[in-house]
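Asks: Protein sequences, first through last, are from chains L and D.
The working numbering puts the first residue of the first sequence at 294, with every later residue one more than the last.
The working numbering puts the first residue of the second sequence at 294, with every later residue one more than the last.
It is possible that part of the hints are untrue.
The list treats identical chains as one, so a pair stands whether inside a single copy or across any two.
What the hints assert, rightly or not - No farther apart than 30 Å at their CA atoms in a straight line, the calculated lysine-lysine pairs in the BS3-like style are these: (1) 516 <-> 502; (2) 335 <-> 322; (3) 516 <-> 326; (4) 322 <-> 427; (5) 452 <-> 312.
It should be emphasised that the hints constitute simulated quantities derived from the structure, not laboratory data.
Number of protein chains: 2
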Amino acid sequence: MPTVAFQGARGAFSEQASKQLLGDDLDLKPREKFIEVFEALKSGDVAYAVVPIENTLHGSVHENYDHLLNYRLPIVAETRARIVHNLIGRPEAEYAGIRRALSHPVALNQCLEFFKANSDVVAEPHYDTGGSVKTVMEQTDPSIAAIASAAAAELYGGKILKPSIEDDPENFTRFFLLASTAPEPPLDGTNCKTSIVFTTSNTPGSLFKCMSAFALRDISVAKIESRPLRGRPWEYLFYLDFHGSPGELRVQNAMGHLGEMTEVLAVLGCYPQAA
Amino acid sequence: MPTVAFQGARGAFSEQASKQLLGDDLDLKPREKFIEVFEALKSGDVAYAVVPIENTLHGSVHENYDHLLNYRLPIVAETRARIVHNLIGRPEAEYAGIRRALSHPVALNQCLEFFKANSDVVAEPHYDTGGSVKTVMEQTDPSIAAIASAAAAELYGGKILKPSIEDDPENFTRFFLLASTAPEPPLDGTNCKTSIVFTTSNTPGSLFKCMSAFALRDISVAKIESRPLRGRPWEYLFYLDFHGSPGELRVQNAMGHLGEMTEVLAVLGCYPQAA
């Protein structure tokens, strides 16, 4: 049974992503902080780590890009999880009887329309989404519900009273699966993506020159994001994903070309493109 | 006294940013949702709106970019606010006597080192950072503290028992000031930034061609970020900030050139570059 570390409590969306990536039969090792997830993999405590890297509402998780650059633990797969918030009660609870709903304030804030339409239900902040289901199940009052994932309902034996109560259904998070070593990159890069990080000085045209390493070789860029380096006002860190594999000669040539123009250049991993 | 809408409760970091942008003498109009902030400005209820656009830990706030594109309310200024979490008690409270600390779970999670070093202080989730100070001040127990901004301490009359207890001091949020109309863009673009949004089809090299509109005119790009358009798998939205003003001929030429290659192209605003 593979061991996998993730940030958060049992029933968190990172647990759902872990199952999408590795199947249901897992030895789950929840950690409090992202850096502890990376440490767990580096030290050999776990075989895999799963970390969120970007969300359709909130953007990239810069902290995890920093850890990817510092730890150099390779990305071996990606997945997308839809963030669905469900109203979850005790097994005997009825939807009409709910008067209090517990969850993480970020989740509560993503369900404002639900609370407007159900003004007799009071939103109550809780430490995390999964933990709010645990709290509901530990009590006896069937008028108390939690807002959390379907996985959290299943984990703690709660009943989904109303599925998908989030305001914006276009709420997805992209996760990376990390391992301690990477397989050899495929020679055929079709349906592969590669993630890299590089820094460049901000002279006019420097990014344009960096992009030429890909454009001149017809390599398609799937993501690009600049991030200012604090304390170094004219330098930038770039995250870039492209379609292809470091096993391809054209990609090796592009990396060589890019390396001429960058101070830091790191390949974070090559992995099958998620559907 | 200028009226300004922002998302969150009184004492939120958006209030701090509003004061940085417009001075201390403001008629503050807090709103629950970002879209309500944009609506308040569009309908003329307020003269200004202040919205967070990116954070050094959490990346870009895509929702607000969407609203900027849909509402076309111009950006007229930018600012950066450092996110500092302070331990705030009642006026008679002492640091050594604190046993419970209330705050938004995101703030609590950014102060994990504080709670590790002070294991006799219990972290308790609350609906928001500013509101946690209000709650502390409404009680009589001097062993209860809140974790929030210095502005929230001042607003509710709390005492800062320990400043800056956040784990990562490199936590900054960038805010935009929006108005209903924009001044004429300056003819001299020195120390100006301009924010644009555009979409392009993801054929290899399409972004490279878009970047050429800037590189060929020696216009320096300060930020670039791609965002996949959901439901249109091969199309991307780009956020781009550059140094310069639409009052400059070279910028007008670049926009004309870029317009040849993009489906949607919107100038979100031109504003003085923040220090």
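Asks: List, from low to high, the hint numbers that the structure doesn't satisfy.
Replies: Violated hints: none at all, because every hint is consistent with the structure.
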